[in-house]
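Given only the sequences and the hints, what does the whole structure look like? Please build it.
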Amino acid sequence: MENLRGSLLMVGAMLGFALEDMFMKRLTAELPVGQMIMLLGALGAAIFAAAALARRENPFTRRLFTGPVIWRSFAEFVATMFYVSAIAFTPLAQASAIQQAAPLVVTLGAALFLKETVGWRRWLAIGAGFAGVMIVIQPGTTGFSVLSLLSVMSVIWISARDLITRRIGRGVTSLQLATWGFAAIVPAGPIMLWFLGDHLVPMQALQWAMLCGAALFGAAAYYMLIASVRIGEMSFITPFRYTRLIFAVAIGWAVFREPPGPATLIGGAVIVASGLYTIWREAARRRANAAFVANMPR
Numbered sequence: 001m002e003n004l005r006g007s008l009l010m011v012g013a014m015l016g017f018a019l020e021d022m023f024m025k026r027l028t029a030e031l032p033v034g035q036m037i038m039l040l041g042a043l044g045a046a047i048f049a050a051a052a053l054a055r056r057e058n059p060f061t062r063r064l065f066t067g068p069v070i071w072r073s074f075a076e077f078v079a080t081m082f083y084v085s086a087i088a089f090t091p092l093a094q095a096s097a098i099q100q101a102a103p104l105v106v107t108l109g110a111a112l113f114l115k116e117t118v119g120w121r122r123w124l125a126i127g128a129g130f131a132g133v134m135i136v137i138q139p140g141t142t143g144f145s146v147l148s149l150l151s152v153m154s155v156i157w158i159s160a161r162d163l164i165t166r167r168i169g170r171g172v173t174s175l176q177l178a179t180w181g182f183a184a185i186v187p188a189g190p191i192m193l194w195f196l197g198d199h200l201v202p203m204q205a206l207q208w209a210m211l212c213g214a215a216l217f218g219a220a221a222y223y224m225l226i227a228s229v230r231i232g233e234m235s236f237i238t239p240f241r242y243t244r245l246i247f248a249v250a251i252g253w254a255v256f257r258e259p260p261g262p263a264t265l266i267g268g269a270v271i272v273a274s275g276l277y278t279i280w281r282e283a284a285r286r287r288a289n290a291a292f293v294a295n296m297p298r
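The opening position of the sequence shown corresponds to residue 1 in full-length UniProt numbering, with each subsequent residue numbered one higher.
Some clues are possibly wrong.
Estimated spans, in silico, between C-beta atoms of each pair [what the hints assert, rightly or not]: (1) 285 with 190: 44 to 52 Å; (2) 262 with 205: 38 to 46 Å; (3) 196 with 1: 45 to 53 Å; (4) 208 with 147: 22 to 30 Å; (5) 145 with 67: 31 to 39 Å; (6) 239 with 1: 35 to 43 Å; (7) 206 with 145: 29 to 37 Å; (8) 256 with 196: 14 to 22 Å; (9) 112 with 145: 27 to 35 Å; (10) 54 with 209: 19 to 27 Å; (11) 115 with 276: 23 to 31 Å.
These are computed hints drawn from the structure, not numbers from a lab. The C-beta atom is built at its ideal place from N, Cα and C for all residues, glycine as well.
Here is the structure:
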């Protein structure tokens, strides 16, 4: 029953993130990207700061002013600039398909920088996943757009954020990290405004409503993601992360009239299959280690 609840929460989280992307893509078609990043960061930080205070957690504790937290916030800052730009300037399904490579990049980073053991089968799966990314972005063909690299860069920085998170002590709570993660992206707004030569634009009531919708869906999705990880077994619930690609394809097609091309579908399938195999191999390795320890003579 716990795994069922965890998987449903994971699917809900992925739907929430997809809806957040939908609102942001719609807004960035009408308003400057930098303005949307700045406001989304401020709203998200306010939501999580209020939630932290409601649970009597200080969102401004000194424990947050440490190297790992600062570097995590910087990675969040850069990743958000790239990802919001990706969903603004490229098809939603394509950006989401490339994002599915993040768990593979985290596994690669853990092996290279954290010295975690990765067997040859998982190395092959990582290689297959990167091949899937190449299929999606189609380098060297007429279908290639340099803008697709925005999503690739966001994957690299999202993975860096997740790896840094492993270095943060348990004294820092998830709500505190979320507060500072959103706060960190606020300065990205003015930088994007300057870089793209944009200026702040007055917003209408409907646009404010969509922005609030993006912030609320994003916050709810983040909370459900945390809850799912705490309730269910990782090996059971993690594959449900890939439902985000299904939601992104459906939203891109129905809302933005962006039917996914063959390259996006095939490459996305390769990335997802590689990620699922990596998860399965990790679960099998843990079971084997647990059985070895249980059978050791005492």
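Outcome of the hint check:
1. 285 with 190: 44 to 52 Å: holds, 46 Å
2. 262 with 205: 38 to 46 Å: holds, 41 Å
3. 196 with 1: 45 to 53 Å: holds, 49 Å
4. 208 with 147: 22 to 30 Å: holds, 28 Å
5. 145 with 67: 31 to 39 Å: holds, 37 Å
6. 239 with 1: 35 to 43 Å: violated, 18 Å
7. 206 with 145: 29 to 37 Å: Taking Cβ atoms as reference, residue 206 and residue 145 lie about 30 Å apart, which means the hint holds.
8. 256 with 196: 14 to 22 Å: holds, 21 Å
9. 112 with 145: 27 to 35 Å: holds, 29 Å
10. 54 with 209: 19 to 27 Å: Given about 24 Å between the Cβ atoms, the range holds.
11. 115 with 276: 23 to 31 Å: 25 Å Cβ-Cβ, so the 23 to 31 Å window holds.
Consistency note: the structure conflicts with earlier hint 6 alone.
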